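Each chain is listed here by its residues.
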Amino acid sequence: MIGAGSSGLAAVKNLREHGFAVDCYERETGIGGGWNFRHDRSPVYASTHLISSKPLTEFPDFPMPDDWPDYPHHSALLSYFERYTDHFGLREHVWFGTEVTSVEPIENDRWKVTVRPAHGGSERTLSYAAVVVANGHNWHPRVPSFPGIEEFRGKVMHASSYQDSASLRGKRVLVIGAGNTGCDIAVEAAQQAAACWHSTRRGYWYAPKYVFGKPADQVNDRVLALGLPLRLRQWLFHRTLRLTVGDLTRFGMRKPDHKVYESHPIVNSQLVYYVGHGAIKPVGDVARFGSRTVEFDDGTVAEPDLVILATGYAPRFEFLAPDLLGANPPQLWLHMFAASYPTLAIAGLIQPDSGQFPLVHWQTQAIARWLTLRTADPERAAAIWAGAAGRSAWRWTKAKVSASERHWFEVSHLTYLRGLEKLLKEMGTPA
Amino acid sequence: MIRVVRQRDWYAPVRPAPREVRSSLAAESKCPPIVLAGRPAGFFAEHWLDRAAERGYSCHAVTPRPGRFTGTREQAHDIVQVAASLPRQAVLIGHGPGARWVAAALTRYPARAAALIEPPGSLPAEPVTGRVPVLVAGTSGRALTRASEHYGVSPTLLGDARRLREPGWLYPLEGILDWLDSLNL
Ligand SMILES: Cc1cc2nc3c(=O)[nH]c(=O)nc-3n(C[C@H](O)[C@H](O)[C@H](O)COP(=O)(O)OP(=O)(O)OC[C@H]3O[C@@H](n4cnc5c(N)ncnc54)[C@H](O)[C@@H]3O)c2cc1C
Ligand SMILES: NC(=O)c1ccc[n+]([C@@H]2O[C@H](COP(=O)([O-])OP(=O)(O)OC[C@H]3O[C@@H](n4cnc5c(N)ncnc54)[C@H](OP(=O)(O)O)[C@@H]3O)[C@@H](O)[C@H]2O)c1
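Line by line, the protein sequences give chains R and S.
Take any residue in the first sequence, count from 1 to its spot, add 449: that is its number in our numbering.
Take any residue in the second sequence, count from 1 to its spot, add 84: that is its number in our numbering.
By construction, these hints were calculated from the structure, which means they are not laboratory data.
One should not assume that every hint holds.
[Unchecked claim] Calculated Cβ distances over 10 Å to all of chain S for the following chain R residues:
no., residue
1, D558
2, P778
3, R829
[Stated by the list, open to error] If you want a taste of the chain S side facing chain R, the calculated C-beta under 7 Å gives, among others:
no., residue
4, D93
5, W94
6, Y95
7, Q165
8, P171
9, Q173
10, Y193
[Said to hold, decoys possible] Distance windows between CB atoms, simulated:
no., chain 1, residue 1, chain 2, residue 2, range
11, R, P514, S, R87, 15 to 25 Å
12, R, S496, S, M85, 37 to 47 Å
13, R, G468, S, D265, 15 to 25 Å
Computed from a predicted structure; not experimentally measured.
No residue lacks a Cβ here, since even glycine has one placed at the ideal position from N, Cα and C.
Given these sequences and hints, build the entire structure.
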């Protein structure tokens, strides 16, 4: 197991539950991965709260406490993973402060794994029957280059190093990108900064956290459960947004270039509110940077002294030879299995329109059962593997998502979980 | 059959409600904690709780929410909430109606072990989650046979049906604790 974030922990628990002996290597000295605010590479900032509500976020076999709110704070998430770790006795299987530097296939589908202490020391090489990679995909900043940015005299930072709104106080701030990070930071800038421009290269739908008095994702799932066709659901969603949030172009925001469900959802009730109060000025895509100014493709010009690139993260597997995962981006069946390596699996390499953890729970259940089946019933395992050949390009979104480098691993939770359920049924219950 | 797609749990989660929990803590925490379910929790409180704690098992008796609109789903939810709040993976023991709630809770929470005393006639369609050693006990009858088949174990016969409803009769508890000791959890 590589990584003791939420995905790695679920993998340790679920493989142990199936009788496997497990070593988990974690670079940091604690669990929690991205949800551990103290970790250098953590992408969360002081104000981060969940965007998916509790029932769509908790592990299906370890519910969050009844007295927590619908959308808990990131510190609650860390305590949830701490409790999960202790409850299931996972800590003793984790080698903290240990980094995996290389993973190479050797004979008999086994793996040669090289580890080294994160803070210096000598390497060790070990051999394992299987490797589960759970190294996370929200820590390596995607930093685009913009024309003229090298001349710009203000400060430029990526959102990954944004910690809290104190760094915005009194500044003139430009936020680039409208993922959930960019929208959260723009809202904080509206509250704290002297001015805030929000640059997007296209228009989006901004879903509120509550509709009809319930968490929006629960309402969405109620509609999903009715089994309505996608187009009708899109129409309903557009109507609801139109009637509640209103026409965004009236606020000077761009018209969405896609339908709802065709882009990773933005869940933010406050952004439009602050645009409506003039505290956020929506602007177009960056055309060029000058020494003090930034020009946008809609002709507007801003004079920020701080630019925050909320342009997302790129997955990285620095310990794996690039061809192992098929291509770049990786081509993996169910976003988990590499075509030629039945004993290598990736957990958590998905971006769902819901919470991540239920999906990763079932992913790691499937990985555990798959590895069990390979030894228990090699014939059936071979048949399933043969059936999977050629499916590594399958995508698991109901709607066709727009072409953006961040969408190749976007999944619709229902579509994806149905895929996992089918696989789990095919594999049967282990004896 | 395994069920991954649980839409009702997502769009209509069980509403939180107060529940009664009585606890008796063991001096040491070597053994896993026990969650006892039966109605009312007071049934166990007098004798079972302290005896289990004496034998090294911290013990928590739960009375799920009362109410007319309360079904097995809500009762199982309350039991899982208590189990998941404990520092370690818990053993679930259900007695009478509590056995029905525990059987349902086992489809949502991977217990360390579980014992059903006087199991219900109908059992959940979804499989047990995790690898759970199960003990099924009761006086003979169809329900007992069916439950043992369901969990793939042989039933433990307890002679006297009437005595089973006496809280002071510690024999079933001692038997379950002996069994838990033997599992070396
Ligand atoms: C700001 C923000 C908010 C988010 N909010 C939500 C939300 O509301 N709901 C939701 O479901 N998801 C949310 N996410 C997505 C989030 O990424 C996942 O919830 C989750 O943290 C992913 O867990 P993971 O274990 O896959 O990765 P990580 O949490 O990144 O953990 C990976 C672990 O692997 C370790 N590691 C990496 N490489 C190595 C190596 N070579 N050797 C040893 N150890 C290594 C790292 O140190 C780290 O501890 C959010 C993401 C961001 C950026
Ligand atoms: N719980 C929370 O509150 C919370 C908060 C933050 C993030 N998250 C999650 O964390 C993950 C990462 O989110 P993120 O917001 O950091 O990243 P993201 O979702 O990848 O969004 C990146 C944004 O930057 C834009 N962008 C990328 N490259 C660009 C370029 N070269 N020029 C202009 N714009 C560019 C993208 O535009 P395109 O749309 O055109 O690609 C997009 O709007 C997501 O899964 C998100 O849901 C959750």
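Here is what the structure says about each hint:
The Cβ of R/D558 lies farther than 10 Å from every Cβ of chain S, with a closest approach of about 25 Å, so its non-interface assignment holds. The beta carbon of R/P778 sits about 25 Å from the closest Cβ of chain S, which is more than 10 Å, so the claim that it is off the interface holds. Separation of R/R829 from chain S is adequate, the least Cβ-Cβ distance of about 16 Å exceeding the 10 Å criterion. A least Cβ separation of about 6 Å between S/D93 and chain R falls short of the 7 Å threshold, and the interface hint therefore holds.
For S/W94, the interface hint holds, since its Cβ comes within 7 Å of a Cβ in chain R; the closest pair sits about 5 Å apart. A distance limit of 7 Å between C-beta atoms decides the matter here; for S/Y95 the minimum to chain R is near 4 Å, and the interface restraint holds. Proximity of S/Q165 to chain R holds as hinted, the smallest CB-CB distance being about 6 Å (cut-off 7 Å). Taking 7 Å as the C-beta contact cut-off toward chain R, the hint placing S/P171 at the interface holds, the least distance being around 6 Å.
Given hint, S/Q173 at the interface with chain R, holds; its Cβ is 6 Å from that chain's nearest Cβ, closer than 7 Å. A cut of 7 Å between beta carbons decides the hint on S/Y193: the least distance to chain R is about 6 Å, and the hint holds. R/P514 and S/R87 have their C-beta atoms about 24 Å apart, which keeps the hinted 15 to 25 Å range intact. Range check, R/S496 to S/M85: Cβ separation about 43 Å, and the 37 to 47 Å hint holds.
A C-beta distance of roughly 22 Å is found between R/G468 and S/D265, which places it inside the suggested range of 15 to 25 Å.
The structure shown violates none of the earlier numbered hints.
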